[in-house]
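Colleague: Read off the chains here:
4 protein chains.
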Amino acid sequence: MKKLNIGLIGAGFMAKAHSMAYATMPMFFHPAPAEAVRRTICDVTIESAKEAAERYGFEKYTTDWRDIVNDPEIDVIDIATPNDSHAEIAIAAAKAGKQIISEKPLARTTSEAKEMYDAVISSGVIHMVAFNYRRTPAVALAKKYISEGSIGKVLNFRGTYLQDWSADPNSPLSWRFKKDIAGSGALGDIATHSIDMARYLVGEIAEVSALSQTYIPERPIQSSGSDKLGTVKSNDNVPKGKVDVDDENLFLVKFENGAVGSIEATRNAWGRNNFLTFEIHGTLGSIYFDYEKRDELQVCFAKDGDDRRGFKTVFTGPNHPYGESLWPIPALGIGYGETKIIETYDFFKAIVDKTEVSPNFEDGYKIALICDAIAESSKTGLWTKTNCNNVK
Amino acid sequence: MKKLNIGLIGAGFMAKAHSMAYATMPMFFHPAPAEAVRRTICDVTIESAKEAAERYGFEKYTTDWRDIVNDPEIDVIDIATPNDSHAEIAIAAAKAGKQIISEKPLARTTSEAKEMYDAVISSGVIHMVAFNYRRTPAVALAKKYISEGSIGKVLNFRGTYLQDWSADPNSPLSWRFKKDIAGSGALGDIATHSIDMARYLVGEIAEVSALSQTYIPERPIQSSGSDKLGTVKSNDNVPKGKVDVDDENLFLVKFENGAVGSIEATRNAWGRNNFLTFEIHGTLGSIYFDYEKRDELQVCFAKDGDDRRGFKTVFTGPNHPYGESLWPIPALGIGYGETKIIETYDFFKAIVDKTEVSPNFEDGYKIALICDAIAESSKTGLWTKTNCNNVK
Amino acid sequence: MKKLNIGLIGAGFMAKAHSMAYATMPMFFHPAPAEAVRRTICDVTIESAKEAAERYGFEKYTTDWRDIVNDPEIDVIDIATPNDSHAEIAIAAAKAGKQIISEKPLARTTSEAKEMYDAVISSGVIHMVAFNYRRTPAVALAKKYISEGSIGKVLNFRGTYLQDWSADPNSPLSWRFKKDIAGSGALGDIATHSIDMARYLVGEIAEVSALSQTYIPERPIQSSGSDKLGTVKSNDNVPKGKVDVDDENLFLVKFENGAVGSIEATRNAWGRNNFLTFEIHGTLGSIYFDYEKRDELQVCFAKDGDDRRGFKTVFTGPNHPYGESLWPIPALGIGYGETKIIETYDFFKAIVDKTEVSPNFEDGYKIALICDAIAESSKTGLWTKTNCNNVK
Amino acid sequence: MKKLNIGLIGAGFMAKAHSMAYATMPMFFHPAPAEAVRRTICDVTIESAKEAAERYGFEKYTTDWRDIVNDPEIDVIDIATPNDSHAEIAIAAAKAGKQIISEKPLARTTSEAKEMYDAVISSGVIHMVAFNYRRTPAVALAKKYISEGSIGKVLNFRGTYLQDWSADPNSPLSWRFKKDIAGSGALGDIATHSIDMARYLVGEIAEVSALSQTYIPERPIQSSGSDKLGTVKSNDNVPKGKVDVDDENLFLVKFENGAVGSIEATRNAWGRNNFLTFEIHGTLGSIYFDYEKRDELQVCFAKDGDDRRGFKTVFTGPNHPYGESLWPIPALGIGYGETKIIETYDFFKAIVDKTEVSPNFEDGYKIALICDAIAESSKTGLWTKTNCNNVK
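Residue numbers (full-length UniProt numbering), protein chains in the order written: chain E, 1 to 392; chain A, 1 to 392; chain U, 1 to 392; chain Z, 1 to 392.
Just so you know, the hints here were simulated from the structure itself, not pulled from any lab data.
Predicted model only: the values in this text are computed from it and were never measured.
It is possible that part of the hints are untrue.
Since the list gives no way to pick one copy over another, a pair counts as held whenever it fits inside one copy or between any two copies.
Straight-line Cα separation of at most 25 Å, DSS-like style, residue types lysine-lysine; simulated pairs [as the list claims (entries may be wrong)]: (1) K50 x K2; (2) K153 x K242; (3) K144 x K293; (4) K240 x K303; (5) K50 x K349; (6) K254 x K143; (7) K240 x K153; (8) K349 x K3; (9) K349 x K95; (10) K60 x K3; (11) K242 x K392; (12) K114 x K179.
Model the full structure from these sequences, guided by the hints.
Modeller: Below you can see the structure in the form of structure tokens.
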């Protein structure tokens with residue numbers, strides 16, 4: 001089997017998820033398009049890099065990502081760093097002719113995203129952005145139902161991504177609350193997943209009308225390097241620093257194809273954990289998905305008899321997308337890992353087949369354009385065009 | 001016990017609900033503030049009026065609502081007609097010094113609503129508009145939690161009212177699809193209930209950004225007088241007539257107090273029946289309600305321990321608002337009737353105590369202003385002020 | 001319209017439910033088979049009887065139920081007293097030629113139930129026992145699906161009736177905890193509803209293996225006359241009295257037709273309010289019902305495609321049993337009252353048509369036999385025949 | 001880090017799950033107690049064994065499990081074969097001084113299970129039986145709530161394990177339907193998981209009253225070697241063979257500590273996929289779990305205020321058992337793999353610490369005794385003692 005040498009940059013929680021996928025993808029997808037060799041991992045200090053290499057099964061480690069990008073034996077660059085280094089790394093990697101997968105959002109800004117997109121296009125490498133949730137089998141099943149016409153013409157889309165890990169004012173001021181590193185707050189971090197769902201399932205977004213809020217203007221300054229999200233609380237004596245990103249985004253959407261919709265994303269919704277949902281109404285049916293119950297897709301078909309119509313809960317399994325490769329019975333259980341395993345499979349397949357994969361840097365760039373339009377609209381109060389259809 | 005003589009104008013499904021409430025409210029609320037005497041009912045033909053009187057237990061019947069308004073023995077005028085006659089009847093009733101309850105929306109247009117509001121103010125009668133859903137005990141419990149501070153400061157509101165009875169293009173062209181009678185489509189018919197919830201639970205709405213859609217531009221012309229909603233389907237040979245109202249409304253909301261939100265209302269959502277929901281996030285907790293499961297309120301309190309925080313399903317019963325007067329065990333079951341029984345109790349109590357009741361014509365008028373802003377915004381694409389705070 | 005003069009014996013919460021049904025049934029079912037005239041109500045003291053007459057709209061009141069049974073103008077005797085008086089009243093009513101509806105369970109003991117059954121048979125009156133939950137439209141829809149073969153041959157039944165109003169040791173020692181009045185505890189009070197469901201939907205029960213528990217052996221003695229269920233808590237100084245009935249019943253069931261099942265009933269299940277559920281598996285599908293979400297029936301049809309099979313949530317409305325007579329849109333909301341309104345309709349129809357109605361005293365007697373077998377089995381530990389097929 | 005050399009016997013779906021766990025456990029639990037070296041895998045043919053070694057990352061492969069048991073470099077024997085070889089392999093492995101984990105049920109019969117148990121006791125090795133579901137974090141959280149007294153004294157337990165993969169009469173006659181290989185049907189395959197939950201959460205089972213059913217007496221004979229569960233359907237021309245195991249088990253349970261309960265297990269429940277549920281009522285609260293929604297535990301605490309009591313949905317995450325080692329946000333998603341990863345961690349920890357782990361062969365043996373009592377009771381109709389308290 002073909003082997004692909006991986007260089008993984010970043011050693012936070014995403015390193016765990018990606019390493020798990022590299023180690024196990026061929027156990028699920030058999031025969032696998034290629035096998036991952038976990039070659040080198042990079043983290044900020046030599047101690048943490050060494051520890052990450054041991055933990056995640058990498059042969060080598062470094063504190064300088066350039067060591068990886070410049071290593072001729074590396075085939076794939078996996079970017080799992082905070083957002084402020086995505087562009088620099090990706091552009092260097094593209095120039096070095098590496099295949100690239102980057103965590104989302106693609107970049108802090110649209111201009112960064114455009115440079116990244118231009119770089120991969122001119123170098124001709126395979127590129128992917130890790131909006132993994134669309135690889136949940138139930139989401140792929142929604143795509144199948146829509147594509148085959150089972151719910152007719154799509155009329156509207158209603159998406160949410162609600163979490164609560166930043167609802168507590170004492171949850172720390174991690175890099176995710178700093179504009180210079182993250183680019184934006186809930187917008188780039190989680191709204192982008194909803195936008196990816198909307199584009200995947202309905203089509204390109206043409207215009208938005210948005211409003212943004214920052215609910216908690218300052219947070220306790222965090223000890224260096226940690227990215228514990230909201231689960232580590234500070235006491236009141238910790239000095240506070242300024243939050244300069246959004247906590248909440250609410251926006252209306254017009255799709256190119258005439259469908260309409262709304263999306264809300266916030267990390268301040270007590271009781272919602274990873275509440276990535278969508279509801280789609282079509283002329284012949286409806287679909288509802290909630291990632292918190294990710295084994296299930298709910299679907300209503302208009303053509304069912306009047307005495308037996310309703311939302312049906314379909315648990316995904318061997319009869320559904322990717323199902324033959326996963327577990328033999330529905331509800332044995334899709335976890336976060338499986339979304340990354342599928343993502344890795346599709347990425348490797350694209351590399352081996354030399355085809356495009358989606359979502360890629362073009363998608364990541366367009367999503368950045370949409371985020372720009374959202375941020376713009378929330379300032380001006382005007383419907384704002386995304387200009388996605390000007391790309392290419 | 002004080003008796004109030006009722007004149008009920010209109011004999012459709014609302015007549016059933018209101019008559020049920022008049023007949024049974026004192027069985028639940030004991031002692032009742034007053035007892036209803038079902039005096040006269042009005043419908044369009046003498047046969048249907050006679051039948052309605054028998055069916056709903058009225059002593060007399062007529063085809064001319066003026067007979068009722070002019071009857072000195074009538075205390076209460078109950079307006080349950082299509083929207084195009086609300087204003088004329090209510091204004092006459094106010095002039096005649098009657099207490100008035102009107103079905104929602106208050107009127108077809110803001111100017112009608114304003115005239116109605118002015119009329120009741122100048123005559124000094126008690127007035128109510130029948131947004132009954134806020135009287136669901138679980139909604140009243142949400143109000144209680146918010147008022148007492150259990151979820152902290154309200155940050156945002158997310159409302160939906162989704163139904164599917166008009167999703168089928170063969171569902172008939174009832175008056176609800178005709179602008180000259182209904183005033184608007186889903187906007188007046190159901191979005192107003194969500195708006196009422198938002199105002200009741202969060203506060204006054206200051207501005208909106210909206211979009212509207214008409215999905216099904218023509219429908220089969222209905223045989224006279226029928227108001228069977230979507231349950232009676234036509235065959236393809238029935239001639240079709242034009243729909244000139246909205247099927248869908250999606251809008252962002254800014255409240256006077258700084259909270260934000262979104263609302264969606266459509267009667268074209270396959271699989272949703274009476275999906276009137278709201279989710280409210282506060283600084284100390286969250287609330288979720290779905291009328292399809294109306295015995296339940298879901299609430300998450302931030303102050304619960306980190307190892308046991310989550311949405312809790314509270315079934316309303318004797319320990320909750322209105323509970324002592326309803327059924328002795330939670331989940332014996334609140335139905336549509338109970339919302340009207342409670343509404344009648346609160347209305348009669350206001351009449352007897354000579355106090356205001358909410359929602360009243362002022363609320364109905366302000367909701368009309370908000371609907372105007374929604375319709376305006378969906379045309380201009382601009383954030384539009386509601387001007388509610390200019391009333392009075 | 002034919003009028004039926006009602007004598008209602010008992011003025012507790014059931015009086016409210018029955019009176020509501022008498023007052024409003026013809027508003028829903030039109031034309032109604034007959035109209036109820038609320039003639040006389042009976043309660044234990046003259047004050048409470050007078051108050052009940054006013055509250056529930058009865059023309060007369062008495063403290064002696066014999067006044068009602070002996071009143072030649074009374075057509076229908078409605079028995080809504082504690083269980084210890086059902087037999088005496090029903091037998092006298094049957095001898096007086098009255099039509100009879102009795103609250104459940106039919107009696108304290110099988111011998112009482114048999115006497116009651118014999119009495120109505122020999123007098124030829126119409127008789128009904130008020131297991132109202134099977135009249136929930138969603139339950140009637142389950143019956144329809146089963147009868148038409150939509151889920152194939154029924155293999156098994158799994159029922160629960162869980163409440164929590166007696167879970168608190170400080171909830172009072174009402175008559176429901178005293179064997180001489182109630183006959184039994186959770187068994188007669190709520191397990192009988194599950195048994196009624198099982199017999200209605202699957203068939204006659206042949207044998208049982210059971211176990212019973214009394215979790216709370218003594219409770220605070222209640223002030224006279226009150227029947228507030230668990231919602232009124234006593235303080236610790238109130239003297240306690242002995243509970244001599246069961247708190248929990250768990251039993252396995254063999255049906256005459258070969259199906260099997262299990263039923264659990266307890267009023268000590270914290271967090272369950274009126275959790276009357278059943279799950280039925282057939283060769284071609286499954287059905288699930290939970291009364292706490294009584295607008296819904298969940299059904300899975302095997303014949304749905306492998307890529308779209310699952311439990312479907314059907315909200316009952318105009319397209320389902322009794323639906324044309326109830327509310328025009330699903331999920332407007334079925335409450336407890338509607339189950340009693342439907343019950344009254346079916347009872348009156350039987351009276352007018354001179355036909356049998358189900359469940360009747362024969363059913364009530366057979367359920368008493370089954371309860372006897374459960375109690376016997378829980379003592380002996382042996383599978384115990386119900387002898388239901390020896391009746392008649 | 002200590003390394004443990006693994007010999008995995010069996011290459012079906014369990015080989016995937018176990019291999020995934022071996023490859024990734026140290027990524028989650030850091031520092032891990034030991035690292036797994038995937039040394040040798042065994043399957044029935046040399047081709048399939050070779051393929052399995054490549055797929056699951058094993059260095060060597062064989063068709064003779066004795067090669068593995070006799071290999072002095074192997075530390076751990078992992079038995080993932082059909083049930084008929086568990087005993088022979090485990091006994092040989094114990095004699096060879098290997099640490100042993102066996103898939104469930106431990107054996108086909110109690111006598112086999114006893115021999116296995118005796119063998120590991122006399123050899124002093126660490127032993128575990130792979131009832132992995134109790135390692136779902138939400139189940140571990142249930143255990144924590146019970147242990148700390150949060151729901152008071154446990155009164156009863158209600159378990160189900162419902163699947164539908166064998167509901168279709170055309171699903172193939174795999175070894176799971178043959179008594180000589182499987183030992184029993186749904187009883188050993190899935191009821192044992194419910195029994196494991198009951199013993200883990202409530203305590204030892206003293207007596208049972210049971211009934212068993214075989215719904216589908218013959219099934220299409222399957223082509224050799226395949227174990228595709230119900231997802232591969234045969235056409236009607238395939239010759240059929242006899243099913244000699246149970247399809248359904250329903251039993252009442254008395255625990256040693258006085259609690260009672262019921263359990264149902266069937267693989268013929270259309271619409272249920274992996275519906276492993278339990279509901280536990282205690283004197284101070286209740287717990288409900290459904291593995292199909294395995295990120296969630298539902299819990300009701302009696303001590304919550306009367307106006308806010310109800311079942312709460314707690315999504316497990318970093319604040320719950322094993323949570324620090326899994327994903328950083330609740331509802332990112334626990335899948336089947338995570339249950340095996342945790343199982344492997346606890347097993348390795350026991351090996352390194354030389355302590356016992358649970359469930360082990362003693363538990364597996366006692367569960368076999370309970371299954372014997374169930375089978376016996378379903379034949380005799382009598383309550384049957386399990387004799388678990390005679391073990392040791």
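Colleague: Run every hint past the structure and note whether it holds.
Modeller: Now for the hints, and whether the structure bears them out:
1. K50 x K2: So K50 and K2 pass the 25 Å test across copies only (17 Å; inside, 27 Å).
2. K153 x K242: Result: close only across copies, 21 Å inter versus 46 Å intra.
3. K144 x K293: both (19 Å within a copy, 24 Å between copies)
4. K240 x K303: between (57 Å within a copy, 22 Å between copies)
5. K50 x K349: Between copies only: 23 Å across, 30 Å inside.
6. K254 x K143: Answer is within; shortest intra-copy Cα gap is 19 Å, inter-copy 34 Å.
7. K240 x K153: between (50 Å within a copy, 22 Å between copies)
8. K349 x K3: Only inside one copy: K349 and K3 sit 12 Å apart there, 33 Å across copies, limit 25 Å.
9. K349 x K95: Classified as within: same-chain Cα gap 22 Å, cross-chain 46 Å, threshold 25 Å.
10. K60 x K3: both (17 Å within a copy, 19 Å between copies)
11. K242 x K392: Neither, since 38 Å and 42 Å both go past 25 Å.
12. K114 x K179: Intra 19 Å, inter 48 Å, cutoff 25 Å: intra-copy only.
Violation of the numbered hints given earlier is confined to hint 11; every other hint is satisfied by the structure.
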